Amino acid sequence: MQLLRCLVASGLLSELILVLLVGAQEAVSKGKPHVRTLSASTLNEPIRIASYVINLTEEGYNCRSVGEKVQVGEGLNDCKELPPLPKEALDRSDCLHICRAVDIAGEEQRLVLQSALLRAARRISSAVSVLRPGHRQERSTLENCMGRHHVDTNRVPVAYDADLIIVADARPLPEHAPTQSVVCSRDSWGRPASGLIFVSPVVLSKSSLFHDSGRFKEALMRKLLHEMMHILGFEGSSFLLFRDENLKLRRRVTAPVAFWPGDVRQAVITPAVVSRAREHFDAEDLDGVPLALSPSDPVGSAPHWHPKYCFGEIMTASVGSDNALSALSLALLEDSGWYSVNYSAAERWSWGRGQGAAFLRSGCDKWEDGTAYHCRGHPGPGTPKLCTHDAASTGFCANTTAVSQTQRRDTLSELPDAFAEDSCMLAVPELQGLCAEPPEDHSTLPDWTVYGESSRCFDVSIDNSALAVCLPHNCSQDGLLSFELDG
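Residues -24 to -1, 1 to 463 (mature numbering (1 follows the signal peptide of the UniProt record, and there is no 0)) are what the sequence shown spells out, left to right.
Just to be clear, a hint being listed does not mean it is correct.
Restraint-style ranges between C-beta atoms, simulated for each label pair [as the list claims (entries may be wrong)]:
no., residue 1, residue 2, range
1, Asp263, Asp454, 39 to 45 Å
2, Asn222, Phe459, 53 to 59 Å
3, Pro232, Leu456, 44 to 50 Å
4, Glu84, Asp341, 44 to 50 Å
5, Glu44, Gly190, 32 to 38 Å
Quick caveat, the hints were computed from the structure, so don't treat them as lab data.
Model, not experiment: these values are computed from the prediction.
The beta carbon of each residue, even a glycine, is placed where N, CA and C say it ideally should be.
Please model the entire structure based on the sequences and the hints provided.
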């Protein structure tokens, strides 16, 4: 890494190319290439991901100079030119954007992306194995990705023994979707074999500015992990190619499910997902897990778990540093028929755990223990703080209709009201609200707050003012909770 930084600083490395073979890092042979065969030892091994950070320099999409006009989005029809204002210019899916300095990704930003991409790939490899792996993936699968994105394959190193090739690049994206991904090719079983991930340079600059903040870097890694999960199978076109236990195409992955009279939702109904959801929520008669489908995506080409039921899971639309890669999303990959998963590698996810069928089949204002899962008040940062449902973080009240990545940066944006019929007020974690880690800025905190591994969030009232603060705590063997208050 030090050598790489020196090369960047000296100008000898104009573009960064990183090769990672997760689970088996093999040097690229200059002689006869090694071709992987389907022996018994390769039928269930950790997925091998070859990942690259490359400046694609696609004309019309990547910012190269301030004032240049580039497109945000895919289609060119009815593309309007908008002023270079961050919100107005980036909230549209199809528009021309006038490049700002922050939209140009430099070598530092690409190093940040490289590091986060490595960590995300390793995380996937620890939990996912490939069934029936094929031969090595060819670089040519990336040459004309989806008929829209051109990748100069001469700049992509040969990736022998890779199950999945991922190329990442930085380019301006809509503010409410600062990371995006697309599947480029599939193997003979329909399993995704290559894909692209795009990241907004604004997000990379945020992560670069806070070199000592693990929270920003963790949030970026989680966003890339989210996009990798989309490429692996959590997307609409992949749903159509899922295989059952007999290797036949699954008849249905999603279906309308009635959660209470008059409330029918599109839900994932595959067996492993339903089994894990029943176990998590303690709801034996649960028939599916609801998806969040927006008016612009009614068929679910880019599906996510519904935030009302799966808040804090990695595959909800809102991804911060604390979203968990839970058994629920791993189960969906298992149901694809392409992978086996290691459930012991699933991360702890506490939202709705053990709450029973009533949690899924009633309005959020009627939930058991409603004060922990449901908040009341004016939504948004700047309002009184409160504790999240698991007491792990301070937060603020927000509506599920507007829970987005931008809120993790303490700014609200107006998004399509996709879930107005059951909008819920939830306690959303602040970006630097995790009680286990001290925030960057202590100036606005009471002197007696304490951050650390033993700290949890407590709602307190002092001089008729309601506060949410982090304090050390202890649970005794007889079930008594105590916390320390100094000052």
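Taking the hints in turn, this is what the structure says about them:
1. Asp263 <-> Asp454: 39 to 45 Å: 41 Å, holds
2. Asn222 <-> Phe459: 53 to 59 Å: 55 Å, holds
3. Pro232 <-> Leu456: 44 to 50 Å: 47 Å, holds
4. Glu84 <-> Asp341: 44 to 50 Å: With a Cβ separation near 47 Å, Glu84 and Asp341 satisfy 44 to 50 Å, so the hint holds.
5. Glu44 <-> Gly190: 32 to 38 Å: Once the Cβ atoms are compared, 34 Å apart, the range 32 to 38 Å for Gly190 and Glu44 holds.
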